[in-house]
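> The primary structure of each chain is shown beneath.
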Amino acid sequence: MSMPFYVAPEQFMKDKADFARKNIARGRPLVATVYSGGILICAENQSKSLHKVSEIYDRIAFAGVGRYNEFDSLRRAGVQHADVKGYQFSREDVDARSLANLYAQYMGNVFTHELKPLEVEILVAEVGEAGTPDQLYHILYDGSVMDEDNLCVLGGEADVISARLAEGYDPRWSLEEALRRSASALTADRPAQAKELEVAVLDRANGRRAFRRLDEAEVAAALSGS
Amino acid sequence: MFEPESSPGPNFTELLRRLELDPFSGPQHGGPQYGGASRPGPASTQLPFEVRHATTIVALRFADGVVMAGDRRATAGSSIAHRAMDKVHPADRYSGVAIAGAAGPAMEMVKLFQLQLEHYEKVEGSTLSLDGKANQLAQMVRSHLGMALQGFVVVPLFAGFDLKRETGRIYSYDPTGGRYEETDFHADGSGGRDAKTTVKLGWSEGISRSRAVELAVSALWNAADEDSATGGPDAIRGIYPSVATITSEGFVYLDPAEVAERFAAVVALSARSAPTPSSQPEEPLR
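Same order as they appear, the protein sequences are chains A and B. Take the position in the first sequence, starting the count at 1, then add 581; the result is the number in my numbering. Take the position in the second sequence, starting the count at 1, then add 873; the result is the number in my numbering.
It is worth saying that the hints were derived from the structure and are not from the lab. Treat the hints with caution; some may be incorrect.
Keeping only pairs whose Cα atoms sit at most 30 Å apart, straight-line, the calculated DSBU-like set for lysine-lysine is [unchecked claim]:
1) 984/B with 666/A
2) 776/A with 629/A
3) 1069/B with 1037/B
4) 1037/B with 629/A
5) 595/A with 666/A
6) 1037/B with 776/A
In this text, all values refer to a predicted model and were calculated from it rather than measured experimentally.
With these hints in hand, go ahead and build the complete structure from the sequences.
Listed below in structure tokens is the structure:
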């Protein structure tokens, strides 16, 4: 008579976490920083059409690292949730916190109940209006949420990059300054190339829809300026 | 979260349908129902209440794009229900939608249409073509046909700047969802006929923005002159018809001060040409 192998729950969870962490760390990292005009999100991304950073709602952006198909379906779900909520209630009732909770629930559920956890780490960012603070919610593969202040790094080598960026960090940075610092934190010793970066901002001065992508020329100009 | 095979894709109305929130396919309220061969007369006469109606809207092409305009009056039967209703709305950055007909469902349709375009843009990461947007609106009008038959007719007018062809384009609709691309101009609503005639008499290819705005404003003036449901400029309350331009710069409302100025010019012109009322009868009436 055959017996199923016994695996201790601790071991089972640890294996899943290791699996997710290892695969996420293989992906290219992404940083988000608060600057004087809003929130800047900068990712290493070779593709011009497959985005890691996208718009969710008027003042809310989404960013993900890891498996593209997984974070992209999370992104779609976020847009659907936000648009339906804004339709049912009002546009001002859509906020990043409830979206972050929704993601945390879903990702936590997948982590505990499914065989394979999601191999993604995501960021939900909301730029504040006059008086309300900017918010950065960093959500891990197991559904744990971190409410970060001012800056946030996703993906491999997050600790090192985060330490590099935190050095001399100032929330009053201009967009160019924030972009240069973020890019050099990402690439460390070699100079950053505009064509390998995907950059977007939640700009307080951009009207109702704060989200705006920076094109390659704009990024190159910011990187070359001193 | 939807599984890939049941996902509504970038379609917001389909998403609402899945969630049973779709305003146009839900249970229809208890108005008169029609069926079979004998179809009674106009439904609106049988409604148990007066429905608010939005009236005259107009759109015309000019050298750099399209001008859209609409009066501000909403009527319920013979009374004025609202004096400052906006009938011209941005649909997205490069297009606008104006509405005539039953005000409640029309506003709902505009809101849904705006959301649909933005939802598509966010989910897909690219915008729909102008034709695609016009077809989307046609589908919304068609799905509203049941309510149109009960008297709640909604007739939108859609216009936008086609970034590929670099020209303004105008689409008109009928209550069944028929979509017709107009070559140069169109007007709809209860004063639409008068408005359209005014534009027709003054329109020519490649007119300037200033001339196009002037035409739109005098079209609304003439519509308000002939049609009781169309509101004219209201100088006392400072409420003027909404006028917007859609060009390569996007959808922009005209400053109400500019609209007021244009109306003042049109009013002065028609005051000069109007026949003076006959003077007092020589013999006083007894």
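> The structure should be examined with respect to each hint, and the outcome stated for every one.
Comparing the hints with the structure gives:
This hinted pair checks out: residue 984/B and residue 666/A have alpha carbons roughly 14 Å apart, not beyond 30 Å. Only pairs whose Cα atoms come within 30 Å are accepted, and residue 776/A paired with residue 629/A is accepted, the gap being roughly 8 Å. Proposed proximity of residue 1069/B and residue 1037/B is supported: the alpha carbons are some 28 Å apart, at most 30 Å. Restraint check for residue 1037/B and residue 629/A: satisfied, since their Cα atoms lie roughly 21 Å apart, inside the 30 Å limit.
Restraint check for residue 595/A and residue 666/A: the C-alpha separation of about 36 Å exceeds 30 Å, so the hint is violated. Our distance criterion of 30 Å between C-alpha atoms is met by residue 1037/B and residue 776/A, whose separation comes to about 26 Å.
The structure does not agree with numbered hint 5 stated previously, though it agrees with all others.
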